[in-house]
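There are 2 protein chains.
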Amino acid sequence: EAPAKEALCRSCHGKAGAAPIMPAYPKLAGQNKAYLVSAIKAYRDGERKTGMAAVMAASAMGLTDADIEALADYYSSQ
Amino acid sequence: EAPAKEALCRSCHGKAGAAPIMPAYPKLAGQNKAYLVSAIKAYRDGERKTGMAAVMAASAMGLTDADIEALADYYSSQ
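Line order of the protein sequences matches chains F and D.
For the first sequence, my numbering gives the first residue as 1, with consecutive numbering after it.
For the second sequence, my numbering gives the first residue as 1, with consecutive numbering after it.
Hints in this document: simulated from the structure, not taken from any laboratory.
Incorrect hints may have been included.
It does not matter which identical chain is meant; a pair holds if it fits inside one copy or across any two.
[Unchecked claim] Keeping only pairs whose Cα atoms sit at most 27 angstroms apart, straight-line, the calculated BS3-like set for lysine-lysine is:
(1) K5 to K41
(2) K33 to K15
(3) K15 to K49
The shape of chain F in the complex, shown without the other chains (with noise of 0.2 angstroms):
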């Protein structure tokens, strides 16, 4: 059961992240949680700035920690 804030990921990232929408975006599904967790995290606070960080940075900006977990189990048990 997919968290709150996945629809947010899904838009890009597509169904349980295996189905981006452009090839240069990453498919999430059965990634390491801590690589997700690390890689979002600096998104969110701006550490990250290659590749679509400027979207990516806004689409985290509203995450929690929790919210961070949340998003990383469930694409990681993809």
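Assemble chain D onto chain F, guided by the hints.
Chain D only, in chain F's frame:
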């Protein structure tokens, strides 16, 4: 059949990029090719500074664009 320079990646990302040696390292197996190309180049060219950027920049330093294509092809097809 793995590209020549794959052994370097395998040391951290595991066989076929499917079993990283640390949970904070991303799985590469089945990842979108275009994403892999952009990420490896961002490390190689010093644009991506988060996470294991230091190790990744050193690892990617010797990679040509053709090497990166071959590696991204390989991992995206795992």
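Outcome of the hint check:
Taking the closest pair of Cα atoms, K5 and K41 come within 27 angstroms of each other only inside a single copy of the chain (15 angstroms); across copies the shortest separation is 31 angstroms, beyond that limit. Taking the closest pair of Cα atoms, K33 and K15 come within 27 angstroms of each other both inside a single copy (17 angstroms) and across two copies (19 angstroms). In this assembly of identical chains, K15 and K49 lie within 27 angstroms of each other by CA distance solely inside one copy; the values are 25 angstroms within and 29 angstroms between copies.
This entry satisfies every hint, going by the numbered hints stated previously.
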